[in-house]
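One letter stands for each residue in the lines below.
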Amino acid sequence: MKLFAIKESAGMALRSIRSNLGRSLLTTLGVLIGAGSLIALTALGNGASKAVEESLQSLGANLLIVYSGQPRGTALVRRNTSNIVPTLSENDLEAIRELGYVTMAAPESSLNAQAKYENRNASITIIGTDHNYPLVRNYYPVYGEFFSESDVDTRRAVVVLGSKAAADLIGPDIDPIGERVRVNGQPFTVVGVMQSKGNDTTDNQAFVPISTFLRSLSGGSKYAAINVQAADMAIMREAQSAIEAELLRLHGLPSMDAADFYIANQLDVLGAAQGTAGTFTLLLGGIAAISLIVGGIGIMNIMLVSVTERTREIGVRMALGAKPGDVLLQFLVEAVILSVSGGVLGIAAGVAAAWAFSRFGGMAVAVSADAVLLAFMFSLVTGLFFGGYPAFRASRLDPIEALRYE
Amino acid sequence: MDQPVIDLRDIKRHYIMGPTTVRAVDGVTLSIVTGEFVSIIGPSGSGKSSLMNIIGCLDTPTEGSYHINGETVQGLSRGRLAEIRNREIGFVFQSFNLLPRLSALENVELPLVYAGIAARQRREQAMEMLAKVGLDGREKHLPAELSGGQRQRVAIARALASRPSVLLADEPTGALDQKTGVEIIEMFHTLNAEGSTIVLVTHDMNIARQARRVVRVLDGLVVSDGPAEDAA
Ligand SMILES: Nc1ncnc2c1ncn2[C@@H]1O[C@H](COP(=O)(O)OP(=O)(O)OP(=O)(O)O)[C@@H](O)[C@H]1O
Ligand SMILES: [Mg+2]
Numbered sequence: 223m224k225l226f227a228i229k230e231s232a233g234m235a236l237r238s239i240r241s242n243l244g245r246s247l248l249t250t251l252g253v254l255i256g257a258g259s260l261i262a263l264t265a266l267g268n269g270a271s272k273a274v275e276e277s278l279q280s281l282g283a284n285l286l287i288v289y290s291g292q293p294r295g296t297a298l299v300r301r302n303t304s305n306i307v308p309t310l311s312e313n314d315l316e317a318i319r320e321l322g323y324v325t326m327a328a329p330e331s332s333l334n335a336q337a338k339y340e341n342r343n344a345s346i347t348i349i350g351t352d353h354n355y356p357l358v359r360n361y362y363p364v365y366g367e368f369f370s371e372s373d374v375d376t377r378r379a380v381v382v383l384g385s386k387a388a389a390d391l392i393g394p395d396i397d398p399i400g401e402r403v404r405v406n407g408q409p410f411t412v413v414g415v416m417q418s419k420g421n422d423t424t425d426n427q428a429f430v431p432i433s434t435f436l437r438s439l440s441g442g443s444k445y446a447a448i449n450v451q452a453a454d455m456a457i458m459r460e461a462q463s464a465i466e467a468e469l470l471r472l473h474g475l476p477s478m479d480a481a482d483f484y485i486a487n488q489l490d491v492l493g494a495a496q497g498t499a500g501t502f503t504l505l506l507g508g509i510a511a512i513s514l515i516v517g518g519i520g521i522m523n524i525m526l527v528s529v530t531e532r533t534r535e536i537g538v539r540m541a542l543g544a545k546p547g548d549v550l551l552q553f554l555v556e557a558v559i560l561s562v563s564g565g566v567l568g569i570a571a572g573v574a575a576a577w578a579f580s581r582f583g584g585m586a587v588a589v590s591a592d593a594v595l596l597a598f599m600f601s602l603v604t605g606l607f608f609g610g611y612p613a614f615r616a617s618r619l620d621p622i623e624a625l626r627y628e
Numbered sequence: 010m011d012q013p014v015i016d017l018r019d020i021k022r023h024y025i026m027g028p029t030t031v032r033a034v035d036g037v038t039l040s041i042v043t044g045e046f047v048s049i050i051g052p053s054g055s056g057k058s059s060l061m062n063i064i065g066c067l068d069t070p071t072e073g074s075y076h077i078n079g080e081t082v083q084g085l086s087r088g089r090l091a092e093i094r095n096r097e098i099g100f101v102f103q104s105f106n107l108l109p110r111l112s113a114l115e116n117v118e119l120p121l122v123y124a125g126i127a128a129r130q131r132r133e134q135a136m137e138m139l140a141k142v143g144l145d146g147r148e149k150h151l152p153a154e155l156s157g158g159q160r161q162r163v164a165i166a167r168a169l170a171s172r173p174s175v176l177l178a179d180e181p182t183g184a185l186d187q188k189t190g191v192e193i194i195e196m197f198h199t200l201n202a203e204g205s206t207i208v209l210v211t212h213d214m215n216i217a218r219q220a221r222r223v224v225r226v227l228d229g230l231v232v233s234d235g236p237a238e239d240a241a
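Protein chains in written order, with the working numbering: chain W, 223 to 628; chain D, 10 to 241.
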């Protein structure tokens, strides 16, 4: 019976919407824009958050970086190690490698250097590390190979160039493998070229064995940083604590307050970045929700006008036996149809906009099923809520007064 | 047959207009049994429409008691009143009151929609009613595509659709020309001959005289009630 009544009301509502198509479309526009922007904006927010996550993952899985010196924020990304006073020893590195939570560790020190090939010069960042670096940082040569453990042990003068460094120095016409370049006057043989990471700072680096680096470029015996790969994402906190405890013991220090090193944890950076992206998504979603509400008010406005315009119709229907509930249902269903069709069109428009953002704007987008469901539910609730009052007004009309209405 | 369809006892309808009170209906007692054809006649402003609206359960009396088929009308919920309008009463208005965006057939179907009758069956019933008022072939026409007389026939078909106990018509010929008016009145007589109970409000003494019973109203009061021959 109730279902029958809803079906009848839907029929009446569709008829009324069709007979006033232009106005109906304008009415749904508010909800359409609201739902559309909800989808498009949260797609942007989610896309940004996914992009951050992916770019962090691309630094290396389960990455922890032990830095020399005092903590400076959670700078995991592109922390330049060239101006750090190194405090981490080979002994520290060995101890970290022995820890149960750790699968791998690679030392890292760097300096800004002048590189020279024949008559060409380039300013590059020289990184001293060992053969574990590609695995720990998820960063591999595309050409030639990375230097080996024995290269490190024997302090060979070999270098792996970043993609930009290779292009600037040697260019595309010459096979770089076996070529000799000078770094701060010292000769090195090129053994590999790294993949491009798509950012100039990273691609403008060059890698040499840490032993060679310390002996002939920087002097000293300590590392600026140690890259550590934890065994699992889930135990990164434990790994961090274990490394902290071990290094404090080795350095003879009482607590992290006095420490001459600190650890940047991928989780922290990820958390911070995702937090920002989350706030962003929430904010955009909020704006979209507000415009949905504004759309709802538009629907309420039109429905109130419609109830007034159709007072006589309501009177006739009541005279023929429409109960207050029938009239309520008729107008409520009409508002819900307007609002939900606005919502559905808006979802389609939002998905299309998100696609256009990524296709033509090169932006990272991710349309989530949650957002689609949210937009749909929101438009449904908007219709029920803002259509409720006009429908209630219609149902409270007095039959004889409604019939007399001019 | 003993129990009247319409039973009004001392019905009053007063409109409070600021300091003055308009006594549109001021104590009417009237009882109508199944199969009757009653004309209500009286000068303009005498309270005929006010009375009809009360009989049709569109309006509620200020005072008095009203029974329809034995059921007390006072104090009923809006929902129950709607049911009574739907099942017991067929109302024909002077200004037709067809819904302009619905076809003739759909207009006739309306009371059946609210009676909860399924689409197929109500379509059949509505077609039957339209045929009865001589409008077969005009089912798809919108009211605007029909003549005044045809519109009123649609309205009559609609009033008859749910097979009500009583057909109420408030000046159904008021908006029609003489000839069409006569046709409509003839239709009421035919319907009455077929068993419908009819209450007809009119200005026109010639029309009123055709009824078997004429009720004269003046200033909200019944001044005479009897066979047509007695009404002068
Ligand atoms: N809604 C209303 N508010 C106030 N007064 C009203 C209202 N409806 C009717 N009246 C008054 O009640 C009296 C009776 O009106 P009613 O419409 O019943 O007369 P009527 O006999 O139908 O007249 P007519 O033949 O012109 O249709 C009139 O004086 C009218 O002014
Ligand atoms: Mg009148």
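FYI, nobody ran anything at the bench for these hints, they're computed from the structure.
Where is the CB? At the ideal position from N, CA and C, for every residue including glycine.
Treat each hint with caution, since some may be false.
[Claimed, not checked] Which chain D residues face chain W? A few, computed with CB under 7 Å, are given here:
| hint | residue |
| --- | --- |
| 1 | Asp68 |
| 2 | Gly84 |
| 3 | Arg87 |
| 4 | Ser104 |
| 5 | Leu108 |
| 6 | Arg129 |
[As the list claims (entries may be wrong)] Derived DEER-like restraints, expressed as beta-carbon distance ranges:
| hint | chain 1 | residue 1 | chain 2 | residue 2 | range |
| --- | --- | --- | --- | --- | --- |
| 7 | D | Ser86 | W | Arg626 | 19 to 29 Å |
| 8 | W | Arg626 | D | Gly27 | 53 to 63 Å |
| 9 | W | Leu236 | D | Pro236 | 21 to 31 Å |
| 10 | W | Arg626 | D | Arg18 | 50 to 60 Å |
| 11 | D | His212 | W | Gly547 | 30 to 40 Å |
| 12 | D | Arg129 | W | Asp592 | 53 to 63 Å |
| 13 | W | Gly547 | D | Arg129 | 48 to 58 Å |
| 14 | W | Gly508 | D | Gln83 | 45 to 55 Å |
| 15 | W | Leu236 | D | Asp186 | 30 to 40 Å |
| 16 | D | Ser74 | W | Gly547 | 26 to 36 Å |
| 17 | D | His212 | W | Val603 | 39 to 49 Å |
| 18 | W | Val516 | D | Val191 | 38 to 48 Å |
| 19 | D | Ser233 | W | Tyr611 | 27 to 37 Å |
| 20 | W | Gly547 | D | Ala140 | 31 to 41 Å |
[Said to hold, decoys possible] If you want the ones that stay clear, here's a sample from chain W, every Cβ over 12 Å from chain D, calculated:
| hint | residue |
| --- | --- |
| 21 | Ala227 |
| 22 | Glu230 |
| 23 | Ser241 |
| 24 | Leu281 |
| 25 | Val307 |
| 26 | Ala317 |
| 27 | Gly500 |
| 28 | Met540 |
To see whether the hints hold, each was checked on the structure:
For D:Asp68, the interface hint holds, the least distance from its beta-carbon to any beta-carbon of chain W being 4 Å, beneath 7 Å. Because the closest C-beta pair between D:Gly84 and chain W is about 16 Å apart, greater than 7 Å, the hint is violated. With its C-beta approaching chain W no nearer than about 5 Å, D:Arg87 sits inside the 7 Å limit, and its interface hint holds. Proximity of D:Ser104 to chain W is violated relative to the hint, the smallest CB-CB distance being about 9 Å (cut-off 7 Å).
Below 7 Å, beta-carbon pairs count as interface contacts, and D:Leu108 has one with chain W at about 6 Å; its hint therefore holds. Interface hint status for D:Arg129: violated, as the beta-carbon distance to the closest one in chain W is roughly 13 Å, over 7 Å. Restraint check, D:Ser86 to W:Arg626: a C-beta distance of roughly 22 Å satisfies the suggested window 19 to 29 Å. A hinted range of 53 to 63 Å is violated for the C-beta pair W:Arg626 and D:Gly27, which are about 19 Å apart.
For W:Leu236 and D:Pro236, the Cβ-Cβ distance of about 52 Å falls outside the hinted range of 21 to 31 Å, so the restraint is violated. Taking 50 to 60 Å as the suggested C-beta distance range, the pair W:Arg626 and D:Arg18 does not conform, at roughly 26 Å. Between D:His212 and W:Gly547 the CB atoms are about 38 Å apart, so this pair conforms to the stated range of 30 to 40 Å. Remark: the range hint 53 to 63 Å for D:Arg129 to W:Asp592 is contradicted by a beta-carbon distance near 43 Å.
Range check, W:Gly547 to D:Arg129: Cβ separation about 24 Å, and the 48 to 58 Å hint is violated. The supplied range of 45 to 55 Å is met by W:Gly508 and D:Gln83, whose beta-carbon atoms lie about 54 Å from each other. A beta carbon spacing of about 38 Å between W:Leu236 and D:Asp186 agrees with the range 30 to 40 Å that was offered as a hint. Between D:Ser74 and W:Gly547 the beta carbon distance is about 28 Å. The supplied range of 26 to 36 Å therefore holds.
In this structure, D:His212 and W:Val603 break the distance hint of 39 to 49 Å, their C-beta atoms being roughly 54 Å apart. One distance hint, 38 to 48 Å for the beta-carbon pair W:Val516 and D:Val191, is violated here, with the actual separation near 58 Å. Distance hint for D:Ser233 and W:Tyr611: a CB-CB separation of about 50 Å, inconsistent with the stated range 27 to 37 Å. The hinted range of 31 to 41 Å is satisfied by W:Gly547 and D:Ala140, whose Cβ atoms lie roughly 33 Å apart.
With a least beta-carbon separation of about 8 Å from chain D, W:Ala227 fails to lie farther than 12 Å from that chain, contradicting its non-interface assignment. Not every C-beta of chain D lies more than 12 Å from that of W:Glu230, the closest at about 6 Å, which undercuts listing it as non-interface. Listed as outside the interface, W:Ser241 is inconsistent with that label: its C-beta sits roughly 5 Å from the nearest C-beta of chain D, within the 12 Å cut-off. Once the 12 Å rule is applied to beta carbons, W:Leu281 is consistent with being away from chain D; the minimum gap is 66 Å.
Once the 12 Å rule is applied to beta carbons, W:Val307 is consistent with being away from chain D; the minimum gap is 85 Å. Residue placement check: W:Ala317 keeps its beta carbon more than 12 Å from all beta carbons of chain D (closest about 84 Å). Distance check for W:Gly500 against chain D: the nearest CB is about 50 Å away, which clears 12 Å, and the non-interface claim stands. Separation of W:Met540 from chain D is inadequate, the least Cβ-Cβ distance of about 6 Å not exceeding the 12 Å criterion.
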